[in-house]
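Each chain, letter by letter, is given below.
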Amino acid sequence: MASTLNRRKTDIPTVQRVIAVFWPSFLTAGLATVLFFTAFNPEEMSLCLGNTKPISNVGAYTIGFFLFWLLTSTTCALTCYFQRPCHQPVSPTDTNNSL
Amino acid sequence: MSSTSNKTTGNKPEAESTGSDSLYEKHKKVYPRQVQGLFARLRTTGVLALLAIYYGTPWLRWGERQAVLLDLPNRQFHVFGLTFWPQDFFYFAVLLILAGISLFFFTALAGRLWCGYSCPQTVWTEAFLWIERKVEGTRSQQMKLDKAPMTKGKFNKKFIKHLLWLSLSAFTGFTFVGYFTAVDVLWSNIINFDMGPWESFWIIFYSLATYGNAGWLREQVCIYMCPYARFQSAMFDKDTLVISYDNTRGEPRGSRKKSADPKQLGLGDCVNCTLCVQVCPTGIDIRDGLQYQCIGCAACIDVCNEVMDKVGYDKGLVRYTTENEIEGKTTRLFRPRIILYASILAGVAVALIIAIANRIPLELDIIRDRNTLYREVSGGLIENIYNLRIINMSTSKQRYHLSVGGIEGLTLINSTKNIDVNSGEVYHLNVQVRLDPVALKRPSNEIIFRLESPGQEHLKIEETARFIGPVIR
Numbered sequence: 001m002a003s004t005l006n007r008r009k010t011d012i013p014t015v016q017r018v019i020a021v022f023w024p025s026f027l028t029a030g031l032a033t034v035l036f037f038t039a040f041n042p043e044e045m046s047l048c049l050g051n052t053k054p055i056s057n058v059g060a061y062t063i064g065f066f067l068f069w070l071l072t073s074t075t076c077a078l079t080c081y082f083q084r085p086c087h088q089p090v091s092p093t094d095t096n097n098s099l
Numbered sequence: 001m002s003s004t005s006n007k008t009t010g011n012k013p014e015a016e017s018t019g020s021d022s023l024y025e026k027h028k029k030v031y032p033r034q035v036q037g038l039f040a041r042l043r044t045t046g047v048l049a050l051l052a053i054y055y056g057t058p059w060l061r062w063g064e065r066q067a068v069l070l071d072l073p074n075r076q077f078h079v080f081g082l083t084f085w086p087q088d089f090f091y092f093a094v095l096l097i098l099a100g101i102s103l104f105f106f107t108a109l110a111g112r113l114w115c116g117y118s119c120p121q122t123v124w125t126e127a128f129l130w131i132e133r134k135v136e137g138t139r140s141q142q143m144k145l146d147k148a149p150m151t152k153g154k155f156n157k158k159f160i161k162h163l164l165w166l167s168l169s170a171f172t173g174f175t176f177v178g179y180f181t182a183v184d185v186l187w188s189n190i191i192n193f194d195m196g197p198w199e200s201f202w203i204i205f206y207s208l209a210t211y212g213n214a215g216w217l218r219e220q221v222c223i224y225m226c227p228y229a230r231f232q233s234a235m236f237d238k239d240t241l242v243i244s245y246d247n248t249r250g251e252p253r254g255s256r257k258k259s260a261d262p263k264q265l266g267l268g269d270c271v272n273c274t275l276c277v278q279v280c281p282t283g284i285d286i287r288d289g290l291q292y293q294c295i296g297c298a299a300c301i302d303v304c305n306e307v308m309d310k311v312g313y314d315k316g317l318v319r320y321t322t323e324n325e326i327e328g329k330t331t332r333l334f335r336p337r338i339i340l341y342a343s344i345l346a347g348v349a350v351a352l353i354i355a356i357a358n359r360i361p362l363e364l365d366i367i368r369d370r371n372t373l374y375r376e377v378s379g380g381l382i383e384n385i386y387n388l389r390i391i392n393m394s395t396s397k398q399r400y401h402l403s404v405g406g407i408e409g410l411t412l413i414n415s416t417k418n419i420d421v422n423s424g425e426v427y428h429l430n431v432q433v434r435l436d437p438v439a440l441k442r443p444s445n446e447i448i449f450r451l452e453s454p455g456q457e458h459l460k461i462e463e464t465a466r467f468i469g470p471v472i473r
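Sequence lines, in order, name chains A and B. Take our numbering: the final residue in the first sequence is number 99, and no numbers are missing along the way. Take our numbering: the final residue in the second sequence is number 473, and no numbers are missing along the way.
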């Protein structure tokens, strides 16, 4: 029973799983980057942080975007991880089949 | 598998027999067959026009500068005669809302028009398919080539195809970055191998995204990545234009000789040539009914009409139609949903145009000095201090005059005439405002700061602030 449930729950192509983690997070990271850098100018931020060698604006946007993407893709990955069914007996025969 | 698991799967024994390997079944490549016809011509026209707009726009000039330049390094967006600043984010948000409502409106009206004719995924996939056909030949030649063992000839074909794909991708990536940094400078930097690290990064990133999406992922983008595909059914109703196979006319399907009378054979009009499946870019069978994978490209309509012509039947076995029409009812074009979407769309569009037309390229932020509420100065006057932030959002240097009003007798102490602010500059100014407390009726009073540029009627704004002081009775 458990393995069947498992299979039906996870019966989606690998490409869909990868996309489910990296694609929604890409979209929200993009949105977060736009909102964040509309409110904060990287030049002013580097002054506040006391950065001696300020980075270019485009560089700051790029790094900001990838940090946001790291954060949001972690969230997506955790969601996918916790989505796995948990009402199943942990028995040696079933663990072979579970993913 | 235990016996209970067989019961739970019920009537799906095939899921059991396929085994766990099927979970990772390799994606089967879709080889869309080339199609000719009215809708194919429409799509080609659309694709060419959109590609021309995309690749051409960064090169347009507006006076001294690039006409469309979303200048991220300098934090200003130039769109022809208009310049937007981060403070104008509101307009961008409204524009996105407008795009969203348009999608609702056009989807309710005509289904997935966007997907089949103007989505970037479709546009670049069409371009990549065109290259693929030029290099590898027709659908069957491509399939044969892929099955054949690697030879020098096959390698050459594959190499040329990917080289062409990558070249187009690289130019696409370059153009993309050209929207965000001056395209002519970017071009000369590329020629001279003198690229900035971040620009190079984004050109490569966007190129690879184009190459991956249009070359490899293709219909999988529509099926797995596109959020619109999943929620489009919420916008559909029985009067929405969809591409549909006429079941009653077509079934039972079956091949037959051209001379044969289908009625005698007990067959419908579908000759089961499977061409509609072969031309489908997402690899579905339209005869199975409306599916969310269908991007509404109408390739199946074109090819089926061609076949119907050949066998001498009426066109339109697969056609643009509505659910109501298929059921023999009448299709209503003007229904509450359409009228509602249309009026919201028109309302927001008009509001946005009016707002942009009346936009004042000047901003004044006022923050009361936090250290003291007020203080008494010589002559028994009460003084309040304000920190002002003036942002010149126009495209040239401006000279402003500041004045204050709202209560009789308010005076500005600092020199507030002839404040020069450069284009795009954020100008900080501390001002002291004094008042005889006799004029105060309440402890906290509204006053008005007025900032104007002499001789320029439209450069004039007013902001309110609080003036605090003791009330003398």
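Hints in this document: simulated from the structure, not taken from any laboratory. Yeah, the Cβ is synthetic: ideal placement off N, Cα and C, and Gly gets one too. There's no promise every hint is true.
Stated by the list, open to error - If you want a taste of the chain A side facing chain B, the calculated C-beta under 10 Å gives, among others:
| hint | residue |
| --- | --- |
| 1 | I12 |
| 2 | Q16 |
| 3 | A20 |
| 4 | L27 |
| 5 | F37 |
| 6 | N57 |
| 7 | V58 |
| 8 | T62 |
| 9 | L78 |
| 10 | Y81 |
| 11 | F82 |
| 12 | P85 |
What the hints assert, rightly or not - Listed next, with one range per pair, are the computed distances between beta-carbon atoms:
| hint | chain 1 | residue 1 | chain 2 | residue 2 | range |
| --- | --- | --- | --- | --- | --- |
| 13 | B | T372 | A | A39 | 43 to 49 Å |
| 14 | B | I472 | A | A39 | 25 to 31 Å |
| 15 | B | Q264 | A | Q83 | 38 to 44 Å |
| 16 | B | N358 | A | L35 | 22 to 28 Å |
| 17 | B | S167 | A | L70 | 30 to 36 Å |
| 18 | A | S56 | B | S167 | 27 to 33 Å |
| 19 | A | L70 | B | A439 | 37 to 43 Å |
As the list claims (entries may be wrong) - Some chain B residues flagged as far from chain A (calculated, every beta-carbon gap over 10 Å):
| hint | residue |
| --- | --- |
| 20 | S102 |
| 21 | Q220 |
| 22 | K441 |
Structure-based check of each hint:
Hint on I12(A) holds. Least Cβ distance to chain B is approximately 8 Å, under the 10 Å limit. Annotation: interface hint on Q16(A) holds; nearest CB of chain B at approximately 5 Å, less than 10 Å. The criterion of a C-beta within 10 Å of any C-beta in chain B is met by A20(A), whose closest approach is roughly 8 Å, and the hint holds. Hint on L27(A) holds. Least Cβ distance to chain B is approximately 8 Å, under the 10 Å limit.
Interface restraint check for F37(A): the shortest CB-CB distance to chain B comes to about 8 Å, inside 10 Å, so the restraint holds. Here the hint on N57(A) is kept, as its CB sits about 5 Å from the closest CB of chain B, short of 10 Å. Restraint check, V58(A) versus chain B: the minimum CB separation of about 4 Å is within 10 Å; hint holds. About 5 Å separates the beta-carbon of T62(A) from the nearest beta-carbon of chain B, less than 10 Å, and the hint is met.
Evaluation of the L78(A) hint against chain B yields a violated restraint, the C-beta minimum of about 20 Å exceeding 10 Å. Hint status for Y81(A) relative to chain B: violated, with the closest Cβ pair at about 17 Å, above 10 Å. Residue-level restraint check for F82(A) is violated (minimum Cβ-Cβ distance to chain B is 20 Å; threshold 10 Å). Interface restraint check for P85(A): the shortest CB-CB distance to chain B comes to about 13 Å, outside 10 Å, so the restraint is violated.
Checked against the hint of 43 to 49 Å, the pair T372(B) and A39(A) fails, with Cβ atoms roughly 29 Å apart. Restraint check, I472(B) to A39(A): a C-beta distance of roughly 43 Å breaks the suggested window 25 to 31 Å. Remark: the range hint 38 to 44 Å for Q264(B) to Q83(A) is contradicted by a beta-carbon distance near 56 Å. A C-beta distance of roughly 25 Å is found between N358(B) and L35(A), which places it inside the suggested range of 22 to 28 Å.
Restraint check, S167(B) to L70(A): a C-beta distance of roughly 32 Å satisfies the suggested window 30 to 36 Å. Against the hinted window of 27 to 33 Å, the Cβ-Cβ separation of S56(A) and S167(B) comes to about 28 Å, which satisfies the hint. Between L70(A) and A439(B) the C-beta distance comes to about 58 Å, which lies outside the given range of 37 to 43 Å. At roughly 19 Å from the closest C-beta of chain A, the C-beta of S102(B) stays outside 10 Å, upholding its exclusion from the interface.
Consistency note on Q220(B): stated as away from chain A, yet its beta-carbon is not over 10 Å from all of that chain's, at 6 Å minimum. Every C-beta of chain A lies more than 10 Å from that of K441(B), the closest at about 38 Å, which supports listing it as non-interface.
Comparing the model with each numbered hint stated earlier shows that hints 9, 10, 11, 12, 13, 14, 15, 19, 21 do not hold.
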